[in-house]
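Residue numbers (our numbering), protein chains in the order written: chain X, 1 to 258; chain Y, 1 to 436.
Worth double-checking, as some hints may not be accurate.
[What the hints assert, rightly or not] Here are the computed lysine-lysine pairs in the DSS-like style, where the Cα-Cα straight-line distance is at most 30 Å: (1) X/17 to X/77; (2) X/203 to X/17; (3) X/17 to X/198; (4) X/22 to Y/427; (5) X/244 to X/22; (6) Y/427 to X/77; (7) X/22 to X/77; (8) X/77 to X/244; (9) X/17 to Y/427.
Simulated from the structure, these hints should not be mistaken for laboratory data.
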Amino acid sequence: MTATPGPPPALEIAGLKKSFGKAEIIRGVDLSIGAGERHAVIGPNGAGKSTLFNLITGRFPPSSGAIRLHGHDISGKAPFEINRMGLSRSFQITNIFPRMTVFENVRCSLLWAQGYRYSFWHMVNRSRDLNEGAEDILEQINLTERRDLPAGVLSYAEQRALEIGITIAGGANVIMLDEPTAGMSHSETDYIVNLIEKVTENKTLVMVEHDMGVVFGLADRISVLVYGEIIATGRPEEVRSNPKVQEAYLGAALEAEH
Amino acid sequence: MTEPDQKHTPPPARTPVRARPAPVTLANALPWILGGLFLLAMPFIFQSNSAITIMNQMAITIIFALSYNMLLGQGGMLSFGHAVYMGVGGFLCVHIMNWGDVFALMPLPVLPVFGGVFGMGLALIVGSFSTRKAGTIFAMISLGVGELIAACSVIIVAFFGGEEGISGDRTYGLPFFGVEFLHQIEVYYLTAFWLMLSALLMFLFSRTPIGRMANAVRDNPERAEFLGYSARWVRFYSFVAAGFFAGIAGGLFAINYEILTEENLNLATSGQILLVTFLGGVGFFFGPILGAILFTLLQTVLSLQTEIWQLYVGVLFLATVMYFPGGLAGVLMMHALPLRLGQAGLLVGPYIRTLVPAVVCALGAASAMEILFHLRHAALGESEMTLFWITFDSHAPLPLAIAAVAAVAGFWLARRSAPAMAEAWHKASTPHGGAA
Ligand SMILES: Nc1ncnc2c1ncn2[C@@H]1O[C@H](COP(=O)(O)OP(=O)(O)OP(=O)(O)O)[C@@H](O)[C@H]1O
Ligand SMILES: [Mg+2]
């Protein structure tokens with residue numbers, strides 16, 4: 001594989017392990033996600049899906065193993081360094097800026113991506129790209145009406161939408177979403193899935209999702225994480241018919257769907 | 001930098017969106033124009049030298065408090081040692097005043113810049129390690145550094161002048177268009193100029209990318225890191241900027257008082273600016289301005305009336321922390337919504353029914369306090385005292401009893417009408433709450 005010429009995979013993970021104290025939560029994960037692929041990570045509660053996300057995005061340093069983003073080693077790098085390389089993520093537990101307005105939340109997510117860095121010589125009000133970009137995102141996540149409210153007072157579903165807005169605002173080319181539709185109603189889920197589909201066009205998407213309808217509708221490939229190990233990776237129909245997966249997870253999950 | 005830069009490609013063109021007005025509008029500039037006119041006019045309204053001295057002190061405190069709020073309100077950094085940056089800036093400026101050859105070539109209005117740069121330099125050094133973390137660690141480091149520099153003032157005598165401090169003479173500077181700053185009023189306009197400039201710059205700072213990110217890091221440092229920003233460096237830049245403006249305030253202090261002592265950088269002064277800022281309100285840019293005005297008035301006017309003024313300031317601070325955490329600015333801005341809804345009228349009645357007894361309670365309690373203080377501290381045989389233009393015998397039981405009754409009755413009445421007040425607030429802040 002590594003000998004083939006051409007662009008490196010968007011994300012490549014090899015021998016990744018993570019222990020918290022004595023407990024080994026990620027127990028040797030290998031995974032390669034190609035550029036432009038939509039990849040879903042599924043698995044039972046407590047399998048380590050969020051932990052895997054946290055390792056990739058720099059929230060925790062791995063205990064061992066390698067993580068490469070577009071061929072560059074990112075293991076052990078700080079979240080902001082990884083983000084600057086074009087990877088953006090959302091959180092399972094809503095993680096926004098509660099005292100700032102909804103609009104400010106989104107505008108702040110655009111700043112680094114638009115190249116403002118630590119500038120103290122630009123006025124944020126005066127940049128067309130910045131403000132129109134933020135309005136555009138607000139429009140997409142249906143929060144234009146709420147733009148001047150403190151984000152902390154939004155409803156749960158609205159905060160989830162904002163969470164996604166913040167994640168996609170910067171236009172990163174690898175987007176990782178941790179249970180984006182958790183706690184959303186049917187119609188909200190449909191809307192968000194549509195949005196995700198739209199904004200991740202030609203981008204790499206990695207998502208954790210419990211809603212199998214969403215997973216099988218959206219993903220090009222699926223990995224099943226059980227107890228810190230990937231027991232299967234493949235196209236949706238392969239994963240669906242894999243007996244190991246049936247046994248460990250999907251049987252129960254698909255039943256719950258119906 | 002070999003990092004791939006795909007993130008910086010512009011997003012694809014989308015359907016038209018509402019354009020945001022970007023230019024400076026009159027509505028934006030109006031508060032600043034009014035503020036400037038106000039500063040110009042003040043000396044014509046309050047002409048006495050002592051009034052001008054008070055206004056100068058106010059202006060310096062405003063700059064200092066605004067700079068403090070860059071940390072506390074904007075950046076979420078609780079500092080117990082901010083006086084250090086003002087202090088060192090001030091000390092440096094006095095040294096420059098005493099450096100005859102150089103000072104003779106320097107117009108006085110330029111001097112605060114050096115205070116600012118020096119304050120910034122120190123903030124650069126301290127910030128490089130203190131801003132790694134916010135919260136308790138930052139607070140503790142600020143306390144430690146504050147203590148350290150205050151201790152240095154008796155060790156590094158050449159710079160801090162030991163216990164007497166150091167003094168200079170501002171009038172040795174190069175005359176500025178013929179002005180030698182012999183008169184208070186000239187110093188007033190110099191100070192007012194720097195007040196306008198510093199306040200405007202600090203306001204603009206809050207509108208820059210780094211200023212916005214300071215808010216983001218205050219709210220949620222972890223999330224900010226996933227947007228490409230190092231929370232630590234965001235805090236660092238705010239910290240350095242705050243050090244600069246504190247140093248400007250220090251330079252103005254040096255010009256006004258021509259002396260700096262250990263008191264200018266000790267923990268008491270640092271604690272005081274925290275109090276001033278919180279009293280005014282950390283949630284709005286103009287909050288610290290109100291706090292500085294109120295505090296300076298209490299400090300200068302109230303302190304002439306009573307020896308126990310600090311007790312009242314303490315009670316006021318406690319009441320603010322407990323009941324109005326948004327400070328004065330927060331209380332004022334609470335009225336914005338009822339006003340916008342045209343329902344502020346609903347508040348008038350309940351306000352009167354609550355505030356009048358509350359004021360009676362406060363005056364009663366204060367009177368009782370004053371009488372007790374007089375009892376304990378007046379010279380032997382001196383039992384006559386004057387309170388609210390009434391002269392009476394502080395040793396007689398009746399005045400104390402009246403004061404106590406007023407306090408208790410006022411408290412009881414205010415408590416009784418408080419629920420109605422809360423309900424009126426709710427009604428006034430709800431759309432159509434007052435209709436029908
Ligand atoms: N910071 C941490 N310290 C210690 N243990 C942790 C930490 N983070 C996660 N864990 C543990 O790791 C295990 C996996 O957690 P993780 O959140 O990754 O699961 P998950 O697959 O995302 O589950 P869910 O579907 O419920 O979100 C859990 O047992 C959890 O308690
Ligand atoms: Mg999880």
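inquiry  = Hinted pair, alpha-carbon criterion (30 Å max): residue 17 of chain X, residue 77 of chain X. Please report holds or violated.
reply    = 16 Å, holds
inquiry  = Does residue 244 of chain X sit within 30 Å of residue 77 of chain X, going by the straight-line distance between their CA atoms?
reply    = Not OK: residue 77 of chain X and residue 244 of chain X at ~35 Å, beyond 30 Å, violated.
ask   = For the pair supplied as a hint, residue 427 of chain Y and residue 77 of chain X, is the alpha-carbon distance within the 30 Å limit?
value = Between residue 427 of chain Y and residue 77 of chain X the Cα gap is close to 52 Å, so the pair fails against 30 Å, i.e. violated.
Restraint status (C-alpha distance of residue 244 of chain X to residue 22 of chain X at most 30 Å) = 27 Å, holds
query = Holds or violated: are the alpha carbons of residue 22 of chain X and residue 77 of chain X at most 30 Å from each other?
reply = Since the Cα atoms of residue 22 of chain X and residue 77 of chain X sit roughly 23 Å apart, the hinted pair holds (cutoff 30 Å).
Hinted pair residue 17 of chain X and residue 198 of chain X, Cα distance within 30 Å = The hint is violated at about 33 Å.
message = Next pair to validate is residue 17 of chain X with residue 427 of chain Y; report whether the Cα-Cα distance is within 30 Å.
response = Answer violated: residue 17 of chain X to residue 427 of chain Y is near 57 Å, above 30 Å.
request  = Given the hint that residue 22 of chain X pairs with residue 427 of chain Y, test it: the Cα-Cα distance must not exceed 30 Å.
outcome  = With a Cα-Cα distance of about 57 Å, the restraint between residue 22 of chain X and residue 427 of chain Y is violated, given a limit of 30 Å.
Hinted pair residue 203 of chain X and residue 17 of chain X, Cα distance within 30 Å = 27 Å, holds
Against the hints set out earlier in the document, violations occur for numbers 3, 4, 6, 8, 9.
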